[in-house]
Structure formats: structure tokens, C-alpha cells
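S.K.: Here the sequence shown is numbered in the numbering used here, starting from 171 and rising by one per residue.
These are computed hints drawn from the structure, not numbers from a lab.
Here the structure is a predicted model, which is why all the values come from computation and not from measurement.
Please note that the accuracy of each hint is not assured.
Straight-line alpha carbon distances no greater than 25 Å define the calculated DMTMM-like cross-link-like pairs of lysine to aspartate or glutamate that follow [as the list claims (entries may be wrong)]: (1) K340 <-> D354; (2) K340 <-> D352; (3) K299 <-> E252.
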Amino acid sequence: MCTVSTLGRGSYHHGDLRAALLSQARSMLAQSSTLSLRALAKETGVTPTAVYRHFADKQALESALAAQGYGELLQCLKTEHETNVDAREDMWRLAWAYIIWARDNEPLFSLMFTTQCDPTAPERVEAVKDLTAFLSSQVHHWYPHHATDTFLTALWGFVHGITTLYLQGKILTSATTAGAQDVDLEEQVHCLWLAFISPLPLDH
């Protein structure tokens with residue numbers, strides 16, 4: 171789960187205001203899907219001019235936040251990957267990690283995929299490139315004969331679609347406690363994953 175900086179207002183040294191602004195924007199995003207640079211300046215305790223020095227407009231701010239999100243999601247998937255050695259288990263656990271990260275960072279996840287972030291923003295473009303490269307490397311390793319851009323898009327679309335259905339309350343669980351709900355959800359998603367991927371023979 172993401173953590174948000176608690177730097178005090180007006181206590182920024184040169185060079186860390188951008189990080190403080192992004193941290194505050196994450197906090198604001200968790201409370202409301204609406205962001206504005208002037209509101210961010212007010213909440214951070216700096217002038218609007220100071221904010222505009224780092225982000226030319228709202229789209230630039232959203233792109234920077236999206237870049238953070240893609241980077242954090244990538245690290246989450248890499249951490250999960252390091253714990254698995256079996257192909258089907260590895261790929262399944264990556265899918266599960268994707269869903270759980272999205273749940274624990276839902277406002278940021280939504281911004282990453284639903285807002286008009288600037289596709290030419292270098293930071294965001296690089297973050298997306300890194301995430302895509304990692305996912306592609308896993309597909310190429312375990313399914314080299316199916317490792318096409320079309321298959322990768324289909325696989326990502328499947329996992330993203332399940333994630334979206336879950337976040338929108340379309341995948342239900344009858345469990346009554348948080349822990350039991352996670353177990354039930356994991357079983358449901360695992361069954362869906364197997365239905366999607368099991369017909370494909372492993373190439374290793």
C-alpha cells in the first residue's frame with residue numbers, strides 16, 4: 171500500500187517541493203478524484219506560481235502521478251515474481267498481485283488508466299515502457315511461441331478486466347471477514363485465470 175509524506179507546510183528545501191506536491195496530490199486523490207493545481211498549492215501551503223514551476227498544467231500533474239503509479243506497480247510485480255519459480259504459479263501470482271495493488275491504490279490506479287495523461291511526458295512514457303517490458307519478458311520466457319504483441323495485450327486486458335470488475339463490485343464474495351473475503355476472491359480469480367490460460371501448453 172502506498173504511503174503519503176507528512177512533510178509540514180512550508181518546510182520544503184530546494185529540490186524536494188516536487189516530491190511534496192506529488193505526495194500531497196496523492197493524498198487529495200484519495201479523498202476526491204478531482205485535482206487542481208490551485209487547490210494543490212493551497213493544501214501544500216505554497217503559492218500557485220511555485221506549483222506551476224513544476225507542473226505546467228493539470229495534465230502534467232496527472233502524468234507525473236501516473237508515472238509514479240506505473241513504477242510502483244512494476245516493483246510490486248517484480249517482488250511477487252521473485253518468490254515464484256513455477257510458470258503457471260508465477261504468472262497467476264503476478265495477476266493476483268496486479269489486482270491487489272490496484273485495490274490498495276484504487277484512486278491512483280483509476281487515474282493511471284482513465285485520465286488523459288500526456289502521452290509525450292518522458293517520465294510517464296518511460297514508466298509504461300518499463301512495465302510493458304517486464305510483462306513482455308515474462309510472456310516471452312514462459313510462452314515464447316505465443317509471445318506476440320496481440321497475446322500480451324489479450325493477457326493484460328484479461329487481468330485488467332478482472333481487476334476492473336472487482337473494483338466495481340461485480341465480483342462478489344459471500345465471506346464476512348476481510349481475510350476470508352481475500353481467500354474467496356483469490357479462489358475466484360484463480361479459477362478465472364486457469365480458464366483463460368490453461369488451454370495454452372507451456373513452452374518450457
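S.K.: Going straight from one Cα to the other, do K299 and E252 come out at no more than 25 Å?
M.R.: holds, 20 Å
S.K.: Take the C-alpha atoms of K340 and D354, compute the straight-line distance between them, and say whether it is at most 25 Å.
M.R.: Distance ~14 Å between K340 and D354 Cα, so the pair holds.
S.K.: Starting from K340, check that the Cα of D352 is at most 25 Å away, please.
M.R.: holds, 15 Å
When the structure is compared with the earlier hints, no violation turns up for any of them.
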